[in-house]
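Asker: Listed below are the residues making up each chain.
Number of protein chains: 4
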Amino acid sequence: MSDDHFHDECGIFGVYGHPEAANLTYLGLYALQHRGQETAGIVSSDGRRHFNYRGMGRVADVFKRESLAGLKGHAAVGHVRYSTTGSSVIANSQPIAVNYRNGCLAVAHNGNLTNALELRATLESRGAIFQTFMDTEILLHLIAQSSSNDLREALIMSLFRLQGAYSMILMSEGALMAFRDPFGLRPLSLGKLDGGWLVASESCAFDILDGQFVRDVEPGEIVFIDDNGLRSEKPFAPAGRRFCLFEFIYFSRPDSFVEGEQVYEVRKQLGRELARECPTEADVVIAVPDSSNVAALGYSQESGIPYEIGLIRSHYVGRTFIEPDHRIRHFGAKIKYNPVRSVLEGKRVVVVDDSIVRGTTSGKIVRMVRRAGAKEVHFRAGSSPIKHSCFYGIDTPTTEELIASSKEVEEIAKAIEADTLYYLSIDGMLRAAGRRSDYCLACFNGDYFAGRPANFTKQILETNGGKNRP
Amino acid sequence: MSDDHFHDECGIFGVYGHPEAANLTYLGLYALQHRGQETAGIVSSDGRRHFNYRGMGRVADVFKRESLAGLKGHAAVGHVRYSTTGSSVIANSQPIAVNYRNGCLAVAHNGNLTNALELRATLESRGAIFQTFMDTEILLHLIAQSSSNDLREALIMSLFRLQGAYSMILMSEGALMAFRDPFGLRPLSLGKLDGGWLVASESCAFDILDGQFVRDVEPGEIVFIDDNGLRSEKPFAPAGRRFCLFEFIYFSRPDSFVEGEQVYEVRKQLGRELARECPTEADVVIAVPDSSNVAALGYSQESGIPYEIGLIRSHYVGRTFIEPDHRIRHFGAKIKYNPVRSVLEGKRVVVVDDSIVRGTTSGKIVRMVRRAGAKEVHFRAGSSPIKHSCFYGIDTPTTEELIASSKEVEEIAKAIEADTLYYLSIDGMLRAAGRRSDYCLACFNGDYFAGRPANFTKQILETNGGKNRP
Amino acid sequence: MSDDHFHDECGIFGVYGHPEAANLTYLGLYALQHRGQETAGIVSSDGRRHFNYRGMGRVADVFKRESLAGLKGHAAVGHVRYSTTGSSVIANSQPIAVNYRNGCLAVAHNGNLTNALELRATLESRGAIFQTFMDTEILLHLIAQSSSNDLREALIMSLFRLQGAYSMILMSEGALMAFRDPFGLRPLSLGKLDGGWLVASESCAFDILDGQFVRDVEPGEIVFIDDNGLRSEKPFAPAGRRFCLFEFIYFSRPDSFVEGEQVYEVRKQLGRELARECPTEADVVIAVPDSSNVAALGYSQESGIPYEIGLIRSHYVGRTFIEPDHRIRHFGAKIKYNPVRSVLEGKRVVVVDDSIVRGTTSGKIVRMVRRAGAKEVHFRAGSSPIKHSCFYGIDTPTTEELIASSKEVEEIAKAIEADTLYYLSIDGMLRAAGRRSDYCLACFNGDYFAGRPANFTKQILETNGGKNRP
Amino acid sequence: MSDDHFHDECGIFGVYGHPEAANLTYLGLYALQHRGQETAGIVSSDGRRHFNYRGMGRVADVFKRESLAGLKGHAAVGHVRYSTTGSSVIANSQPIAVNYRNGCLAVAHNGNLTNALELRATLESRGAIFQTFMDTEILLHLIAQSSSNDLREALIMSLFRLQGAYSMILMSEGALMAFRDPFGLRPLSLGKLDGGWLVASESCAFDILDGQFVRDVEPGEIVFIDDNGLRSEKPFAPAGRRFCLFEFIYFSRPDSFVEGEQVYEVRKQLGRELARECPTEADVVIAVPDSSNVAALGYSQESGIPYEIGLIRSHYVGRTFIEPDHRIRHFGAKIKYNPVRSVLEGKRVVVVDDSIVRGTTSGKIVRMVRRAGAKEVHFRAGSSPIKHSCFYGIDTPTTEELIASSKEVEEIAKAIEADTLYYLSIDGMLRAAGRRSDYCLACFNGDYFAGRPANFTKQILETNGGKNRP
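Line by line, the protein sequences are chains A, B, C and D.
Using my numbering, the first residue of the first sequence is number 1, and each one after it goes up by one.
Using my numbering, the first residue of the second sequence is number 1001, and each one after it goes up by one.
Using my numbering, the first residue of the third sequence is number 2001, and each one after it goes up by one.
Using my numbering, the first residue of the fourth sequence is number 3001, and each one after it goes up by one.
Because the hints were derived from the structure by calculation, they are not lab data.
All of these numbers come straight from a predicted model, not from anything done at the bench.
A hint or two may mislead.
[Unchecked claim] Covered stretches of chain D, going by a simulated chain C footprint (3 or more residues, C-beta under 8 Å):
{"#": "1", "segment": "3096–3109"}
{"#": "2", "segment": "3115–3128"}
{"#": "3", "segment": "3141–3148"}
Beta carbons: idealized from backbone N, C-alpha and C, even for Gly.
Taking the hints into account, I'd like the entire structure generated from these sequences.
Answerer: Structure follows, in structure tokens:
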């Protein structure tokens, strides 16, 4: 997949018990930016109050020395967000920080609630007002409307009402709580540094701090951290672990440990399985950089076909790039990739990409490789056909826009002008991930085990009486 | 008063039934910027949804062509705000726009609620979460928690619970509501344009649109405007009109009509009264520009002493001005005012200022006038000594910082180094304003008839369990 | 004249022999911003090197603490510029700083050379390359190509070749030189502070520093300032002083002393002369604020007709103001002025403006005053009809755009819809300025005694082979 | 070499005879940003005038739709610049655009003149003033002071006086000229698109436009392009081709064709030679990404040791990144690289880097790899020890800062804590580059065949009488 196709919603980070809490969060968010670069925010706590700073843009642009200096205290929670809608205004950034009857709360969320509309309607009917369109706000209202004044109790009661995918960090003045939905759809890891606790979407955020990776937060687990240390609680009945396969395929950084695996190794196995499932006569294997580099390397090692860097990726693509509009056409992927002619000319080329979403960029890459002289272009996707939208925290396009939702493999091959096309089988993905079951396959097979919205969220909101547009 | 001493909280503007609602609001806010220049916001409605844009800075800097173009619809509400605290972040700007069980609400507020803390505690105890520190948010929670689903009913029930000073504009998808507290402490006017209705803090905002000034919203009146036209309701028992005298003395623009008076005329009468109450031998009358120009003119006309422009005011003072810190001392007022030597040299000078707050700038001006050659400097304040903080919507300093709270007139004269000093009497102010009673005099006499906070708001918030700091 | 009509090119400031040279220049430029707000720049010298900082925008926006801190040394020269063309890019800002065979030079210029094209052609034919379109660059090339290595000598030889209007400050590593053209068309004053020397376009820039005004730099005088103190030289044959009358009428601040006069007093005399020359039956005199305030006051004092503030001026007009484009028409002057109805209603009104340039704003003001209820509107200009472009440093429109170049007074009265219109006579202006001769009247009578460009500069540049457009 | 160590000065691009000249230049510069990201500029020509836009930052940030739209015409020249000094102000950006006696000139330069100071002194003695500190300005003065009015003649005469390294594009109103120094030290290529001519530092800039690579501009060749087409001239006596080896080793993009070679292939040969010269027992080969990826791949293919991606590089490093300053130490390379533990743990690791400059980052990487569990770390540099500063267009540190200038290989191995260290031999580099001679080896062997500055430029400028500091 060329990286601009779809994106996880966000990365989250938390610290408790370290005098540099906000600075550590800044660095942790920095390491999580592949999960979101549009808004960044940190809320810190000195035990009595919360301090709060959010902005639009990359982490290093949002926070300056003065803004970090204002984020006092020994605890903090941070958030980076990717937003595909026009609504990427600061009002919809996180962490959300509020006051309720028992003090301050701040929350950062990675995931997506499937019963958000129902919960929102219920909360509104009990007098809640909503100032954002983030489902994250729901948890805060549930706690605020809870019958219990004990935050732990109120949180557990509230979580019982949530459906869908969530990894969250919640902070009061005096405690940090980290928890994952019972299926463990989205990742969340625990770390330590200098006696303080760290929480992060991925372990690469601990590495940048020289922090120590301890373990994953378990599916359905709530971890409470305060001055008395860390306590774990598992209030939910076991639900069966269903981790998002796409974290391995695309989202997580290869240097992260997720679900007990180094992502790099899983990604290499995806490439190896691909080579095993569909042996191909070819002269060279290339990746669509950078997300497919490791899978292509695995493919090469398994097949014996040499790995080369056939596409050079530009890292200077910015948000404001202007496509000149007159005579310069067919521009698309060229601003991002350029082929290396000596690698491709006269060759039978295997192109490994992690996935195919809409198929448009795949087609551009096939044509680019062919124009650089390739004799044959064999496109290999390191995942199965994506036929269904994700409701569990990944911002996929609608079903109609997914090329595999309406086209067979041969049709797709024709559409992207590849000589041959092969998708890794679901079994192949599972073998690569090292376990037979335990994964969410909803985008491949449509099995929405964790529920799905009654209707598509956006449509409902549009027609639901009214809406504040940011 | 030199203009940097204290400031009204804000200016508000609303439109219903005009295809250019947001554009009109933009211009209306532009004309109200003397009431607030730190944040500006507009929420518009197309009858089904709200559209929302806020930012920091002056109106012409916040809104660009694209942001205005996104504010669709035939109704709009806008707000400009002056904020003295460090918390002038965008999160505390208005209008506040939320969703509740019956759709969208947006509100803009000029004033200050005196029972905010009590109401907030009650609302929180019923499950409300607060995302800002503006008392304005309270009204929205009251409506959302109301037992009635009828917005008119819910609004009236909510208003019965508010104490203090407020002029507000509330907008749902399909209606605009404008209302003032029962004392009518802060101004609010009704206008018309091309068949649509306008609401504004001051009538000068109608002038910029070539709109027609209709009348003031009455104290305690609620005006409902929707597609069926305008309805008025007065649910409150008559409380006795108590308009803020300082709107005449300082805040309102001289070209506005407020409480049936052109502010210019009242201000001139203040100067005339001053001349009558304290006849002075002098050669020239000058104003502290620009807020005191009209009073000084009135003083001149009554006394026969020639009016001259003795201080030139710079309009290039910006927020980022750096005072060089080494050897260049005593800088203060010089960046803002410069004396005209030929006007002052060898003269007995009457300096008319609208009021004296801390006294520091007054002293600088007296010394500046004397250094320019004045033989005598007679300082005349167009209002009585300010001895008490305002809790009704004006951001005065604490009582301790008010020079007249602890010093007698002669001591103040000495402190500011004036040859003589005279404050207009309370009776003089009332004569100038044209009515004997009917005005709030709380900052002069401490009569807090509309309630006052149990403790000073800020302190309570600090110690009240916790606080999200922006 | 409403202030947006035409503008002097710039204000200049210099310091020698003060440890806070750049800070003083910053403040001095701040006080000169009425002469230019589009770009600002400072070059300082520590005796060995020059330091240089320029930017677009107002003085307080261009310079921050760090940029000022980098401007080391005991000497400095600064410049603020108003630019009407699209070419207000930073490349055309001043001071211009260069290196030549004998070291560093920096120059700031107020004025306009009439033989710029000829000099430029000559210099280019001798190998000069021009990097800007400012005629100021010419002086630097003349010095660099001079046969003398002595800067004093080279400067004098170069000045002999310049024609037109100039007040300039030139700085080498070790000296500051200030000089005016032989006619003394543009102002330049000398001041002192803490043993160091100051130079400024107007004396108000000394006041902000508590500096002492010493005297004007004389027409044709060169003042050399270095560690040995100040020396004066007058290398030119006496030419007859011809100061720009418009400095009194409009440009200079009323608190400045120019040509031995306080501008305030001259401006008041202009109003008095107007009242004497054309007695008018009226109820009230108002100014077009702020530039005409003093003249209107003089008119009132002479005529006995009361002075009132009939137009309120907004000071929040910014460069980015968007005029909404749909149905909101006839917008023009309303964003800047609003009439005070109680002052004007039913009255016979004398409107005093300092001058009439294109006449469009005058018409808008007359209509505005009439709509506010005035029974009669008598427009009075504090200067004679402007019939000719200025080539001596004021950015007037082309002759065709000057309403008085093609229309008689009665036609203009009709065009601006005034009941009567009167322009002060040339004799009246000269009486007000206190001398019979000695002034430049070129824009009134077309007498271009200091030369005029062979053709209009812009046209020539356009067709002259080529041009670098910024 | 980790990419932050040293940097080529710039990339240049030109177009003649295409209606989208500025847009093409924008895209061409975009593809050349690896050669400079601090300033970007374009000058275009419509045959009569030049249009000019420059700014600080990345190409996509500097140019917006409006600024591009203003760059009219069918010819253009552009420049991107990396600047290590504090003087990266816009005044020192390129192209430099001037007017001289025969019209407009604009020039973009990649390289460094070694006799700049002498030429500058001579030019100044003949009356030139210098407004920048770029040696590029010298060429323009030489042309302007030339005895010939024919631009071709003046250019050739001027080029005879230049010493050092230069690839330049010069544009008048009606022609584009591209030329390289007689040694051909820096690259410059010719391309075609839609009948128009393209010039670029590297051919990858043609690819982004779907332009056609034609050939390199030859060492000592001047290419004239105007409406009559392209003419080539070689006025210099043959000097012996001496191309910069570092273009292959580090600077040029692997997808570019330079000196007849695809850079990718040369870079792979560098890795192969390294493996041949110093066979090593190891389990895995990793690159310091991204500049060494291809060399590491070549090493792997030659040695048979598997290639893996052992370091993940962050592409979010920005200019404003704040290193928190309290307890978070040893931060250095971690913000840029993170090791992949599963690749390194328990392994004997070969780390391939393209070069070693100061050695500090090399040490950080060795330690990072070891902390990730590597049993042995064998560091391999794809180039010989860099012992001498570059005076031919690469911004190397001073000789003292080059670790190999004072330390032997074993000492360096110890300093960077590698188990073994090997540098590719000079012969190995030459074999990889495919020719025995023909390359500049000055940074390796100190042979400054194209001259060197009499003294170090900076020192001279500092003491040379004076200097304008930007």
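Asker: Go check the segment 3115–3128 of chain D versus chain C for me, would you? Three or more residues, Cβ under 8 Å, otherwise it fails.
Answerer: holds (count 6)
Asker: At least three residues with a C-beta closer than 8 Å to a C-beta of chain C: is that true for the segment 3141–3148 of chain D?
Answerer: holds (count 4)
Asker: Against chain C, does the segment 3096–3109 of chain D show at least 3 residues with beta-carbon separation below 8 Å?
Answerer: Coverage by chain C holds for the segment 3096–3109 of chain D (11 residues, Cβ < 8 Å).
Of the numbered hints listed earlier, not one is contradicted by the structure.
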